[in-house]
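> One letter stands for each residue in the lines below.
4 protein chains.
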Amino acid sequence: MEPTRRSFPTASQAFLAKRIFTAVGAEGTLIEDAALVLEDNQILYVGPAREVELAAVPVHDLGDVTVLPGLVDAHAHLTLPADKRNYEQVHQDPDEMLALVCVMNLRKHLAAGVTTIRDNGGRNRVTFTVRDAIRRGYLAGPRLLLCGRPVTQRLGHFYFCGGTADGPVEIRATVRALVAEGADHIKIMASGGATLGNLPYYAAYTVEEMKAAVDAAHDLGRLTTGHCRATQSMRYALEAGFDAIEHAEFLEADLSRKANLGAHHNLQGGQSVYDGRLAQQLLDAGTFISTTLQCGGYDTVVDLRHKKDTAGLTGQEQGQLDALQFYFEQKVGNFSQLIKDGFVGKLAISSDAGPFDTQFGRMDLGLCLGVEGGMTTGQALVAATRVGAELCGIADEVGTLEPGKLADFFAVDGDPTRNIADIANVTGVWADGRLRSHGPGVGVEWP
Amino acid sequence: MEPTRRSFPTASQAFLAKRIFTAVGAEGTLIEDAALVLEDNQILYVGPAREVELAAVPVHDLGDVTVLPGLVDAHAHLTLPADKRNYEQVHQDPDEMLALVCVMNLRKHLAAGVTTIRDNGGRNRVTFTVRDAIRRGYLAGPRLLLCGRPVTQRLGHFYFCGGTADGPVEIRATVRALVAEGADHIKIMASGGATLGNLPYYAAYTVEEMKAAVDAAHDLGRLTTGHCRATQSMRYALEAGFDAIEHAEFLEADLSRKANLGAHHNLQGGQSVYDGRLAQQLLDAGTFISTTLQCGGYDTVVDLRHKKDTAGLTGQEQGQLDALQFYFEQKVGNFSQLIKDGFVGKLAISSDAGPFDTQFGRMDLGLCLGVEGGMTTGQALVAATRVGAELCGIADEVGTLEPGKLADFFAVDGDPTRNIADIANVTGVWADGRLRSHGPGVGVEWP
Amino acid sequence: MEPTRRSFPTASQAFLAKRIFTAVGAEGTLIEDAALVLEDNQILYVGPAREVELAAVPVHDLGDVTVLPGLVDAHAHLTLPADKRNYEQVHQDPDEMLALVCVMNLRKHLAAGVTTIRDNGGRNRVTFTVRDAIRRGYLAGPRLLLCGRPVTQRLGHFYFCGGTADGPVEIRATVRALVAEGADHIKIMASGGATLGNLPYYAAYTVEEMKAAVDAAHDLGRLTTGHCRATQSMRYALEAGFDAIEHAEFLEADLSRKANLGAHHNLQGGQSVYDGRLAQQLLDAGTFISTTLQCGGYDTVVDLRHKKDTAGLTGQEQGQLDALQFYFEQKVGNFSQLIKDGFVGKLAISSDAGPFDTQFGRMDLGLCLGVEGGMTTGQALVAATRVGAELCGIADEVGTLEPGKLADFFAVDGDPTRNIADIANVTGVWADGRLRSHGPGVGVEWP
Amino acid sequence: MEPTRRSFPTASQAFLAKRIFTAVGAEGTLIEDAALVLEDNQILYVGPAREVELAAVPVHDLGDVTVLPGLVDAHAHLTLPADKRNYEQVHQDPDEMLALVCVMNLRKHLAAGVTTIRDNGGRNRVTFTVRDAIRRGYLAGPRLLLCGRPVTQRLGHFYFCGGTADGPVEIRATVRALVAEGADHIKIMASGGATLGNLPYYAAYTVEEMKAAVDAAHDLGRLTTGHCRATQSMRYALEAGFDAIEHAEFLEADLSRKANLGAHHNLQGGQSVYDGRLAQQLLDAGTFISTTLQCGGYDTVVDLRHKKDTAGLTGQEQGQLDALQFYFEQKVGNFSQLIKDGFVGKLAISSDAGPFDTQFGRMDLGLCLGVEGGMTTGQALVAATRVGAELCGIADEVGTLEPGKLADFFAVDGDPTRNIADIANVTGVWADGRLRSHGPGVGVEWP
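Protein chains in written order, with UniProt numbering: chain A, 1 to 447; chain B, 1 to 447; chain C, 1 to 447; chain D, 1 to 447.
Keep in mind that the hints were calculated from the coordinates and are not lab data.
There's no promise every hint is true.
When chains are identical, the list treats them as one kind, so a pair holds in a single copy or across two.
What the hints assert, rightly or not - Below, computed lysine to any residue pairings styled on SDA-like, alpha-carbon distance capped at 25 Å:
#, residue 1, residue 2
1, 340, 88
2, 346, 390
3, 211, 235
4, 346, 374
5, 18, 92
6, 340, 235
7, 18, 439
8, 84, 134
9, 211, 254
10, 308, 329
Between the sequences and the hints, there should be enough to build the whole structure, so can you do that?
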């Protein structure tokens with residue numbers, strides 16, 4: 001005798017798929033022959049198709065695909081075109097050009113299954129304006145969480161965005177203005193970066209200044225995160241109470257080389273040294289780490305490897321590839337250490353898409369690196385969905401496929417829990433229960 | 001044998017009225033068949049007409065009216081036209097238009113019996129200029145107490161007025177400049193408000209910053225008051241030693257709704273929760289509360305109720321009315337709690353006239369809401385006269401009808417101690433002993 | 001048998017008066033026992049009361065008064081307070097103070113029977129803003145015709161208003177901007193004036209420049225008028241095709257005194273020499289002259305004569321009175337010559353109220369001087385009503401009491417056609433058929 | 001015996017359609033059972049399918065549709081959102097928002113079959129930046145011809161775009177700068193428009209100034225066109241040698257209404273009076289007219305008519321509809337006169353999309369009005385394709401489907417040569433031989 005099937009009288013539509021990955025649990029959960037039932041933009045049911053009665057509901061059978069929660073990219077820069085121009089060159093363009101860069105990037109990420117983007121810094125009010133334009137219906141885009149301008153020291157990393165502030169008073173004032181303009185979180189440039197003249201091996205603010213930023217943000221109900229390439233900046237961030245840190249490259253200055261330093265030396269003068277004690281302290285404090293594995297050249301690594309396998313490399317290209325591979329070995333090595341030290345569950349896989357060569361629409365690269373670094377495929381998928389949502393403070397709404405959550409999801413050919421690279425084979429993307437894209441290279445649906 | 005009547009050889013004029021309400025005592029005092037004797041702009045005598053000898057004095061018999069002390073509105077915004085444009089739209093107008101708005105508002109309030117206005121914030125130097133114009137005799141108006149620009153954080157509530165200051169040093173400097181320009185008191189925007197991008201559920205300043213404002217003001221002999229919608233801002237104001245707080249809405253953030261916050265979210269995300277312990281602490285500290293009962297939409301409530309009774313409401317209008325009524329139930333509920341907790345005597349009934357729909361010339365609405373909230377008519381009348389004057393620090397000069405006080409008074413048909421709504425039936429307004437208006441809709445007398 | 005009375009079924013109200021002066025005809029027309037019948041803001045009938053049937057119409061019997069068309073003051077400066085500060089001192093005040101000066105002046109002029117004012121120059125956009133405020137209902141005021149900023153040479157007369165332009169291209173651009181801002185006419189400072197450093201004995205522009213201003217104005221359907229104290233500027237204005245000229249003082253430089261000239265010499269160095277040939281050319285060209293008889297000190301003459309008759313004058317005061325009387329003898333002398341040369345009918349009596357001591361609300365002074373200069377009382381009254389309206393290009397709407405005109409009128413005790421000074425005894429002022437004032441010193445009715 | 005078919009060895013693809021409209025000839029030409037053969041982005045063949053050999057070519061059979069040359073909209077404003085905000089409100093938005101408006105508009109127009117847009121004026125460099133973004137591949141869009149900022153007098157029509165210039169020298173300098181920034185043509189605001197304070201009934205420039213603009217443009221190989229609502233501005237444009245004029249509303253000022261003019265009077269004060277002699281002179285001079293039939297409220301007419309037929313109209317809405325219908329009767333009446341006077345062939349049907357309510361993607365409205373005004377369907381289709389291209393000076397590349405032209409075309413269900421409204425039933429749009437859109441409401445293909 002057949003068991004009674006659950007029915008959903010308020011359902012507006014349902015989807016059938018060979019596989020649904022829910023991102024619930026440490027490794028996520030894969031349901032075979034599954035159904036996803038929606039009421040408008042909310043999920044009513046996720047589970048085996050056989051347990052649900054769908055006779056009265058419009059049903060879309062997606063076939064032999066895997067459906068996953070929309071990716072949550074906890075770190076991207078919508079205003080940056082990833083066209084290998086450096087920051088200084090890109091910011092010769094006017095604000096309206098940066099807004100048009102956003103249009104391209106929103107589309108690429110959405111087509112690749114990313115339904116939530118946390119932007120970690122753009123110039124002036126551009127990202128706020130872009131969000132307003134989406135709200136007005138001028139264009140479609142993923143859900144956006146914005147910091148506006150990152151808070152940075154005089155001529156510090158991303159100073160060209162206009163968020164310069166030194167000293168607790170100015171920092172606090174800057175945070176307040178950002179929140180009034182619409183910031184959902186506050187991004188603090190806690191160490192140097194690839195901006196001309198920066199020193200990524202040092203903290204860029206004092207603990208007192210970082211505390212001022214955190215307090216000002218929390219006083220207005222806003223989360224904080226820090227650009228922390230230097231170990232020192234990670235320590236200060238811990239002390240100041242940051243909710244998350246980005247990059248976590250464990251860089252230290254090589255003090256023996258001070259005499260050689262000049263203005264534009266950010267690629268020399270330091271090294272990456274993993275600090276297990278600091279990792280433990282961050283874990284104890286509940287601090288999230290947003291890993292941005294693919295940034296810093298992995299798109300180029302992929303291109304060069306492809307060229308090596310096909311046309312072959314010049315000597316200069318081989319040298320570039322070697323240097324990049326060394327960099328990513330270190331980076332993935334740190335990531336592996338963090339996993340061993342119990343950090344899975346607090347590590348979000350994010351892209352840092354936008355700068356230099358880091359393309360939007362390639363979250364698959366970070367996921368592959370995550371698996372290369374020791375995560376299971378399930379852990380990696382959770383890291384790019386649920387953990388990202390937790391880091392962003394919106395896990396009550398997105399990040400998993402569960403009843404009550406918003407209906408943000410996408411479908412891929414194949415099964416990423418078996419082969420993580422299948423995550424790139426997108427065949428459809430839905431946000432708020434509405435079809436938004438048929439995948440890369442195809443038009444995004446209209447607002 | 002008739003008792004000897006008192007005579008006043010220096011009297012310049014006298015007024016007879018069926019009733020004079022003096023505002024002396026907790027409930028005020030109503031004298032029947034009364035006389036008010038003046039020497040120029042000062043009161044010599046208030047009491048039964050039969051006890052005073054007026055043969056040699058010009059006498060105006062006002063007849064069957066109630067004479068009251070001129071109303072003291074402890075919270076208004078003279079530069080704002082109450083024409084349902086939002087702050088950002090109004091401040092597209094140039095300063096000279098804001099000055100002309102003041103002309104209209106001064107007239108409306110004066111005609112409604114308000115002889116003292118404490119302005120709680122306008123752009124640039126406009127309110128100072130308007131007071132100069134009155135002093136030069138260009139136009140007539142009530143007695144003005146001014147703060148000029150409110151002190152506010154970057155992009156904080158009323159930032160468009162130009163009084164932005166963050167950090168103790170800048171705040172102190174700003175207070176000093178305001179006093180030098182003519183400020184009688186200092187208004188601090190201690191929480192967010194209805195300004196675009198504001199978060200009214202949070203404190204806008206740290207305690208240290210608020211203390212700096214209070215100390216700087218007190219150092220120059222000026223009182224302070226704070227815009228405090230958030231409970232948190234009321235706590236900080238208490239700690240910082242504010243002389244008064246405005247609104248006291250006891251708002252708290254609803255932290256579960258973080259994800260939906262964006263740029264323009266000040267109407268969502270919080271709730272009002274009365275805090276009796278905080279109320280007791282404020283009472284112990286002697287802090288005044290300026291209640292601004294009618295602001296936030298009560299003019300519209302009155303209009304919609306009238307339309308409901310006559311033409312009927314559309315569904316949308318009924319929805320608006322329901323939402324507004326819910327808001328005012330909460331607001332009046334808090335007011336009732338304050339009364340129960342012993343706050344009568346420290347609660348001033350003020351209008352917050354100017355923003356959005358809150359008309360000048362309608363102090364009667366606040367008085368009616370005060371009685372609805374549990375005050376006796378006498379308490380309400382005292383709250384809009386003597387307590388207002390005490391809050392403003394000018395109770396030695398105005399606020400009651402007593403010998404030695406300035407001759408600011410007005411006459412109404414009927415008896416507001418029996419029917420509070422009679423306060424709107426103004427038949428004459430005198431300031432400094434001089435007839436200034438015959439009531440609403442009639443011209444104000446010339447300077 | 002009684003003749004049939006005319007009836008007006010659409011009449012909204014009617015006024016009866018002992019005398020109505022219509023300003024129709026060269027000397028105007030006085031109707032005894034007259035009626036004025038309105039339909040809303042328009043005149044339906046003016047004539048003997050006995051010829052009209054008013055049984056069904058609300059009738060206001062104004063009694064033994066003279067009703068006249070509202071005065072049209074073709075030359076005033078609403079932003080100037082007439083408080084004996086010079087231009088440079090007044091313009092230390094901010095724009096919002098100038099707007100408040102306008103409020104006072106509008107009231108004074110309206111209370112004195114002036115229902116139309118042509119403003120001939122104020123700073124920035126102040127007069128435009130004041131008109132907007134009247135349209136929005138913030139305050140009541142006469143009908144306003146505005147030029148905004150006068151067009152003037154670098155540091156020329158009224159340069160502080162912001163309308164500086166030299167050369168035909170800049171002048172044309174300035175005229176276009178003024179019209180776009182709302183200018184009804186264009187005022188050109190064609191000679192120097194009392195502005196510090198000016199030379200009133202010379203033309204301030206070339207004919208080519210003046211032509212550019214006139215052409216630019218006419219190209220946009222706007223009339224022109226010129227400040228012309230110098231004879232030379234009157235000649236240029238004639239050649240350039242000005243629609244009107246102001247002042248017409250026939251000043252010539254005394255070239256023998258050039259060596260003594262310095263920067264601040266505008267009270268010396270010239271003389272007034274009537275030029276009958278030029279007058280004839282202007283008459284042939286149909287150019288209006290706006291006479292501004294009372295400006296330049298006549299208020300002070302009146303005050304000093306009064307003081308002489310009561311308290312007596314000091315030697316210094318007598319000297320001042322002598323100098324002023326000499327000035328006005330010349331001025332009235334020129335006026336008399338113009339009358340003799342046939343200029344009645346093209347001479348508007350205007351006040352130039354605002355600068356230095358020339359009070360608003362004293363059009364009676366100019367009318368008395370006009371009669372002193374040789375006009376009949378009827379001619380003078382027509383010069384301050386119908387001719388003013390013709391000069392302003394609005395004679396189809398105001399300036400006389402005739403069917404079809406707008407209902408702008410006022411009532412005075414006495415009969416100004418017998419005693420011109422009776423024009424000051426105002427008992428009521430109506431604009432657009434609505435009571436606006438009970439006369440000087442009494443409040444203007446609300447918008 | 002079957003005739004030899006033509007073959008195209010270099011063909012890259014071919015399209016079959018039931019009907020192809022070529023826009024060649026006065027009425028255009030309709031080919032049944034037709035083929036369109038391309039080599040990359042160029043047309044090799046258009047004609048009967050039976051005459052061409054396609055065995056070796058990829059063939060897309062579009063079925064029972066009509067294929068037409070991509071529409072050429074000779075007048076649009078990409079930066080304006082058509083959301084019923086006025087110009088002043090829209091331009092409160094920053095440049096980056098205007099760029100995002102362009103993204104929406106490009107998409108709407110492209111989806112409706114418009115493959116070439118001539119923008120007639122936007123703020124600052126926004127339109128140039130948008131074209132750069134398309135060239136960089138950030139987004140897809142129609143072929144763009146740009147003027148950048150329109151040349152306008154001080155506070156003239158569209159002054160907020162930043163192209164203000166008065167006098168021949170400044171105008172010539174402005175034209176040079178625009179060409180250097182990338183202008184393809186020069187737009188001159190030759191009369192006032194709907195900008196606040198404008199007078200559309202008058203010419204805004206002198207003939208000398210207009211000549212300067214034309215000469216400067218022609219000197220740099222650029223065409224000119226003028227915003228000409230006033231008859232006077234059309235006469236001046238003729239004299240100055242404009243290549244085209246826009247709107248051609250034949251407006252004249254109504255001089256009898258001078259008195260009521262104030263700052264914001266552009267909706268009153270004039271009337272439309274057709275001038276056949278002027279039309280003949282323009283025809284003789286070879287001047288194109290860009291008719292912008294649908295602008296000024298036709299979208300609203302359509303909406304109100306629909307509401308009238310369904311829900312019914314309120315009195316206010318009926319009044320609005322009546323006023324708009326009167327306006328469009330006049331407009332279409334002028335259009336009919338121009339046709340009768342031989343102007344077919346020089347009249348381009350353009351949209352003026354962007355301002356107020358004139359939506360992008362609705363060229364069908366203008367085409368319907370063109371037929372209503374007396375054009376045949378063929379003439380109307382030619383007016384929106386070939387004549388538009390001739391007006392824009394690019395008829396050697398686009399505007400018809402002929403060998404050698406660029407492969408810009410679109411397909412519609414039905415046959416617009418029988419029913420002009422079928423033009424809206426777009427099923428596919430190709431630019432440069434590449435599929436760009438599947439029609440309205442569906443995503444535009446990626447760059």
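> All hints are to be evaluated individually against the structure, with a verdict given for each.
A quick look at each hint next to the structure:
1. Neither within a single protomer nor between protomers do residue 340 and residue 88 lie at most 25 Å apart by alpha-carbon distance, with minima of 38 Å and 52 Å respectively.
2. Proximity of residue 346 to residue 390 under the C-alpha cut-off of 25 Å is restricted to the intra-copy arrangement: shortest distance 9 Å within a copy versus 46 Å between copies.
3. For the identical chains of this complex, residue 211 and residue 235 are neighbours both inside a copy (12 Å) and across copies (22 Å), given an alpha-carbon limit of 25 Å.
4. In the homo-oligomer, the alpha carbons of residue 346 and residue 374 lie at most 25 Å apart inside one protomer (15 Å), although the nearest pairing across protomers, at 54 Å, exceeds that limit.
5. When the C-alpha separation of residue 18 and residue 92 is checked against a cutoff of 25 Å, the pair qualifies neither within a copy, at 49 Å, nor between copies, at 51 Å.
6. Within a single copy, residue 340 and residue 235 get their C-alpha atoms as close as 20 Å, which meets the 25 Å cut-off; across copies the closest is 46 Å, which misses it.
7. For the identical chains of this complex, residue 18 and residue 439 are intra-copy neighbours only, at 19 Å inside a copy versus 32 Å across copies, given an alpha-carbon limit of 25 Å.
8. Only between protomers do residue 84 and residue 134 lie at most 25 Å apart by alpha-carbon distance; the minimum there is 18 Å, versus 27 Å within a single protomer.
9. Taking the shortest alpha-carbon separations for residue 211 and residue 254, only the inter-copy value of 24 Å comes in at or below 25 Å, while the best intra-copy value is 27 Å.
10. Proximity of residue 308 to residue 329 under the C-alpha cut-off of 25 Å is restricted to the intra-copy arrangement: shortest distance 19 Å within a copy versus 42 Å between copies.
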